[in-house]
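*Asks:* Sequence:
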Amino acid sequence: MLTLSSALMCYQASVSELWSLETIGIMDSAEVKCKEERERETQQHFQNTVSRGGDGRYTVKLPWISTAPPIPSNRQIAMKRLESTTRKLAAVGMINTYDQMFSDWLAEGIIEVVDQIDIGSEVGRVHYLPHHAVIKPQSLTTPVRPVFDASCKVSRNPSLNDCLEKGPNLLELIPSILLRFREKKIGVIADIRKAFEMIYVSPSDRNYLRFLWWEDIEQKIVQELRHKRVVFGVNCSPFLLGAVIEKHCKDVAPEDAEIAAILLKSMYVDNSVMSVDSVQDLEEYREKSTSILASAMMELRQWEWSTVEGTGIGTTTVCGLVHDSVAIPQELTGVLGLKWNKIQDCLGVDIPSDEVPEKVTKRLVLSLVQKFFDPMGYLCPTTLVPKLLLQAACGKNIGWDSEVEENLSKEFRIWWNDSPQLKKIHIPRHAFGNSRTAENLQFHTFCDASSKAYAAVVFVRVDEGGVVRVHLLQAKARVSPLKKITIPRLELLGCLIGSRLRSSVIKALSMENIESYFCSDSSTALAWIRRNDEWGTFVGNRVKEICSLTSQSQWRFVPGVMNPADLPSRGCTPSQLVKSRWWEGPEWLTKPQHEWPSPQVEYDEEEVRREVKKCVTTRMQVGEAEIPWYLTRYSSYTSNLRLFAWVIRFVDKCRKRHQDQEVSGFHRAGVKKWDLSQKEVDRAERKWFLRTQQDAFSKEKSAVIAGLKTEKDEDGVIRVKTKLLFRQDTEYFRRPVLLPNSHPLVEQLIAEVHRSNGHGGAQFLMGRLREKCWIIQGRRAVRSFISKCVVCRRYMSKSYIVQPAPLPENRVKTAAVFQVVGIDLAGPMYLEDQSKTWMVIFTCAIYRCIHLELVDSLSTEAFLLALSRFISRRGRPSTIYSDNGTNFVGADHIMKNMDWDRITARTRVQRIQ
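FYI, the working numbering numbers position 638 of the sequence shown as 638, with every residue one higher than the one before it.
Derived from the structure by calculation, the hints contain no laboratory data.
Take the hints with a grain of salt, since some may be wrong.
Stated by the list, open to error - Derived DSSO-like pairs (lysine-lysine); straight-line CA-CA distance at most 30 Å:
#, residue 1, residue 2
1, K166, K339
2, K80, K185
3, K483, K423
4, K591, K614
5, K88, K61
6, K723, K712
7, K452, K579
8, K788, K687
9, K772, K788
10, K579, K185
What the hints assert, rightly or not - If you anchor each label on the Cβ, the simulated ranges turn out as follows:
#, residue 1, residue 2, range
11, V279, I221, 16 to 26 Å
12, T573, A438, 49 to 59 Å
13, E439, S202, 46 to 56 Å
14, A253, K613, 38 to 48 Å
15, R469, G560, 38 to 48 Å
16, S784, L643, 24 to 34 Å
17, K723, R780, 31 to 41 Å
18, S835, S204, 19 to 29 Å
19, R780, G716, 37 to 47 Å
20, L643, N757, 46 to 56 Å
21, R780, Q728, 31 to 41 Å
Glycine included, C-beta positions come from ideal geometry on N, C-alpha and C.
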């Protein structure tokens, strides 16, 4: 049977990881989807690589992580661990028993000896599993057994477990299996004999499962072996076993499909935990499930079931039979971490009895609390107390191995010394009655919260012929976050985990048609759930999920004194829990429905409305667009001008004001039909200027041009009278058009002139513009445009100038000449006889003095001689800087041959840094 370890590891003191069991059944839906996507890839790998032999046994491949780095060989570590294990076994006289187990494995084909020709040939594809012995003298079958360590690492390299996909978290299956174990009249358990050893590992992966043992213990001759079967200790082994059983059960014959489905739902690793309604169902299940697994070379054995009242059938009736498939009867049997009394057919929780040492630390509290393996949350009202103490200790910034404050230590000791009272707890296993129909079953979920924690609990109400019984099914309590949250929000979190918990319960039992009720003593949280208002982000997201899992009509109000979830939300001592009504639910739940508390409640509207979604009300004022319509079609002045000219022609044609074909553009020599003439473009531009002046120089703004000598031409366009009136030139040059400096038309005009003249400067651009128009504050408008021109900014931009850093201390301190020295090599230089020589350059870092030494080679000895000559001539420096020759590219391979470690060691003797 698989024994769940309740002593969880605390090496990294990761509270969130160690308390991951608390989220089973209430995990966030987004996390569930992400987790399922990763698991789907692992499942697909299994489906693509699994195979089955002629004897029915399955062969699997290890699910390697695609991005995992290669695993280095760890034979040296495995050898040291082997010697350590051998010494410990010899000290207790169990080495021969340990050796015999490996001999039995060889005989059964579970392991094999590695051929001598294979040893050393698989470089880079070999890994060894160190192993140690677990000794249990009280065990009649296996007093000693090996445990293989697949988490062994070589330095910072990954272990085998780090490179393998773990697969689904099997702990999440425990609540569902235990719920089904409590569903029917007779509880049944069994397990598969040596389940992992019944599955072959693909030969391509077996070299990663090697291990060392002695061929001759006396002569200390080491033998290399490797596993042929799945290894208990590799993190993916439970997944591979479960995947094989699932595939096998789905591939059975149609007449066995129903039993195979029940068997599959009952499996947790190598344990089968389920319940049946009658002795006939039990016998049928035993016979067919054993036959189904036997076809995969798996033996389902160690059958135990609860005593059936009135029949005398149970484990006690077969205790006289000598048969390996039937367990020796015991009063208490372990079932997925719980204790099962088959005679009384009740469940309990294994309570540790460790002594608390004098020094109470956070690590100790965390370790002891996690020994209460309680996947169903039966003890959550009392296990909340040490979790609150641990949270308080974490808030004090105390180290994990430092002693906590005296008051926290005292409270923990009082709680721990009272914990043996929990051994008195006996929970009836059979919780759903005999008929299990929608008429006599109801699920009741209670939710509550306090400033310390929030919790939810699910009860089943069974009504059989007017006799009503209420049973606790599952509960969850979570410590409030360190960030302060209002009580109504905590109450809503309690409702959220309550809806998730009930959803997981009905999914495990396939009882979606059973009537369900949800009760809370928070009127504010109920108002948020019942109303369809737009709530803020925090409340809105949680209400949305609650409404997706439940219906608003299912939620009821219950006074706080009648709410059983009040107990796990505040915590209690073990003695208080034993004496409470936590196990059978509130008393009013056993009464007829018309005697239940009224679901009506008065809401605190001010509290409820605080979470209404805040929205901004805006008032739109529609006004005239700042940019005229005729300037929005294109960003080019010329293009918009031609567009405006076409519009004027269209208007003129519609009004039939101009019949002159020359003006309209018809039949002119050298001009295509419908092309715009120069007169039409000039006329359009004059109208542009007139509209612009009308917008910019209204009566209110006449003061802007009061200081200028202006006049209007025959079209009404305002022009500036310059001193060049008598010059024989264009009308625009002698009398330029007056334009404002901030109009969109002026901006497009400046852009057109700027681009067409090679992005000239402000003075040049002003000259070209004055040939046609007079822009008020034109120089400012031109400079403003040039400053925004991307092309001009690119060419006028200056590179970033880095401020010089101050010289280091060794360059500026007061010191003797050559006290701080830098060394480099120059060369090679060729002498008259064509031999090579190099120059060692010693430069003073402070005074920049230079000393040169010749060397005839790049050897370490030649360099040390040059350094010795330098010291003899200039004195011993205190600090020497060198780049170790890495600045030479062509001679890099030569410089690498120099023994820089030896040079460094030599200089350290002379007290040179």
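*Asks:* Could one say that the CB atoms of R469 and G560 fall in the range 38 to 48 Å?
*Replies:* The hinted range 38 to 48 Å is violated for R469 and G560, with Cβ atoms some 25 Å apart.
*Asks:* Are the Cα atoms of K452 and K579 separated by 30 Å or less?
*Replies:* holds, 22 Å
*Asks:* Tell me if the beta carbons of S835 and S204 are separated by a distance inside 19 to 29 Å.
*Replies:* Violated: the Cβ-Cβ distance is about 59 Å, outside 19 to 29 Å.
*Asks:* Tell me if the straight-line CA distance from K88 to K61 falls inside 30 Å.
*Replies:* Outside the cut-off at roughly 34 Å; violated.
*Asks:* Against the range 46 to 56 Å, how does the distance between the Cβ atoms of L643 and N757 compare: consistent or not?
*Replies:* violated, 23 Å
*Asks:* Does the beta carbon distance between R780 and Q728 stay inside 31 to 41 Å, or does it fall outside?
*Replies:* holds, 32 Å
*Asks:* A range of 38 to 48 Å was offered for this pair. Does it hold for the Cβ distance of A253 and K613?
*Replies:* violated, 58 Å
*Asks:* Between T573 and A438, does the beta-carbon spacing fit 49 to 59 Å?
*Replies:* This hint is violated: roughly 39 Å between Cβ atoms.
*Asks:* Lying within 37 to 47 Å: is that true of the beta-carbon distance R780 to G716?
*Replies:* Once the Cβ atoms are compared, 27 Å apart, the range 37 to 47 Å for G716 and R780 is violated.
*Asks:* Please verify whether K166 and K339 have alpha carbons no more than 30 Å apart.
*Replies:* holds, 28 Å
*Asks:* Quick one, are K579 and K185 close enough, alpha carbons at most 30 Å?
*Replies:* holds, 27 Å
*Asks:* Is it true that the C-beta distance of V279 to I221 lies inside 16 to 26 Å, as the hint says?
*Replies:* violated, 57 Å
Hints 2, 3, 4, 5, 11, 12, 14, 15, 17, 18, 19 and 20, counting from the list given before, are not met by this structure.
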